[in-house]
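Protein chains in written order, with this note's numbering: chain A, 1 to 286; chain B, 287 to 462.
In short, the hints are calculated from the structure, not lab data. Beta carbons are placed, not taken as given, at the ideal position from N, Cα and C, and that holds for glycine. One thing to keep in mind: the hints can contain errors.
[To be verified] Label-pair ranges, simulated between beta-carbon atoms: (1) B:Arg336 - A:Glu129: 35 to 43 Å; (2) B:Lys329 - A:Asp140: 43 to 51 Å; (3) B:Lys329 - A:Glu112: 22 to 30 Å.
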Amino acid sequence: MHPSNLLLPILARKCLRSLMNSNAIANIRPTACLLAASNCSWNGRQEQRCFHTSRRVHGLEEFFDNPENFGKLKIRSGMAWSVDLLRRKSTEDLHKLWFVLLKERNMLNTLEQYCIDEDEPMPGPDRLEKVAESMSNLRDVIEEREEAKNMLVHGTPDGIGGEWRKNPLGATYFYKFKEHLIPEHLQEIKRGDKPADLAYFSPKLEEWHLRLEEKRLKKRGGFHFLLATKYGQIRARNRHLPKKMPEWWKRKFRTKWLYGIHPQMRIFMKHHDKDYRINSRRPHKY
Amino acid sequence: MSRRIRIPGKLPSVKFPLHYEGAPQRRLFIPEWYITLAKPKEKMPKNYVRFHVPADMTKYDMKEYLDKIYNIKVLNVRLSPVNYVRYKEPLPWRIKKMSEDAPTPYQWKFIEPWKIAHIFLADEQEFEFPNPLKNEDDEENEMKLTDMMEAQMKAMKPKKNGGDNKSKMFLENSWF
């Protein structure tokens, strides 16, 4: 006796023709109920009583219903497999159930196509929906289990690790590891992705970054605020100076340095910097 | 785990991990391929079977499918794709600069194709497509149209005994 038979549920009397169909499979033992039968009990011996063990000539007959159901206008069927019921099954059971459902679905597809060709109503069209629903539920359950296992083992739902990296423009992104045939330490040419602590900068990009920082600081409010605070500090010591900032003093801060970082003052843009014109706006005069 | 990937704008496909020399054989534990047996209108050899098959299946997939799941031995498999149509859908809004050929904005779309599998069975097997909508046992009880009409006319006629309880209709009370 196959050990797995004892563990699998049997069919109740209310179980349907679909089981008769799946008898002839040599490689799979069809012991899972196609539809949710609440009367299943765990007894291996009774299982053999329900099945007939005659082998069919070839499996193409599995694409059709039980011959007793030919010609019927109405075919009753039970509920679809719900997620709660499927969660109680082991993965082996679910795997077998998947193939039972697959065969049922193929059978219903052939019936549907035949009815479309002959222009007649299909007996029991709701069966297709139920089978599709139960198959999707099955897949959801398997995905749940796999994701849980991956989270415990790898820390990610895919099982694929990743890390945070910086792209050349300085923005951080999450890089997922890709598959490579040659391992990293044997590769001669390293393409693309670098680790996060080494951001890839060319001289052009560095200049771009600094100019961007200058532009940010050159916003009207910040620039004048800095000058005003500086002037305020100077005026606090020398009361004879005027309240309004003199223009000659403002012009003092027009530096010739491109990217000199003054310890007190931050980077100021060159007065006429034609190369750097984002959005092609005129530079301010001050 | 390899799975059939379905993205709305693209054709469905099954993705496997990278293959290297000495790798284990590719396996699909949960195949999401559903096939339909079709009846050809023309007269075909007895050996012949026709399936409608999803587009990502190949000849080898088809052979394995029938072999492993249905235990059908196959001589020959030929697939022919069907219904791969790309069409332009006109849109009411603007996306980008349209070329001179198409003044109205459009978007490329396609109808998902499927394949017809022409299969010949091995080992001198024969297959005849049965009629799933006709029961052979019921043929004897089939009444002719004229008989049915007569039976209907009889039922329509008013009955002579009006006070017969048995002829009256009673609603079944299944509560008692």
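Pairwise beta carbon distance, Lys329 (chain B) to Glu112 (chain A), judged against the given window 22 to 30 Å: Holds, at about 24 Å.
Do the beta carbons of Arg336 (chain B) and Glu129 (chain A) sit within 35 to 43 Å of each other? Violated, since Arg336 (chain B) and Glu129 (chain A) (Cβ atoms, about 26 Å apart) do not stay within the stated range.
Is 43 to 51 Å a correct range for the gap between the Cβ atoms of Lys329 (chain B) and Asp140 (chain A)? 45 Å, holds
Violated hint for the displayed structure: number 1, the only one.
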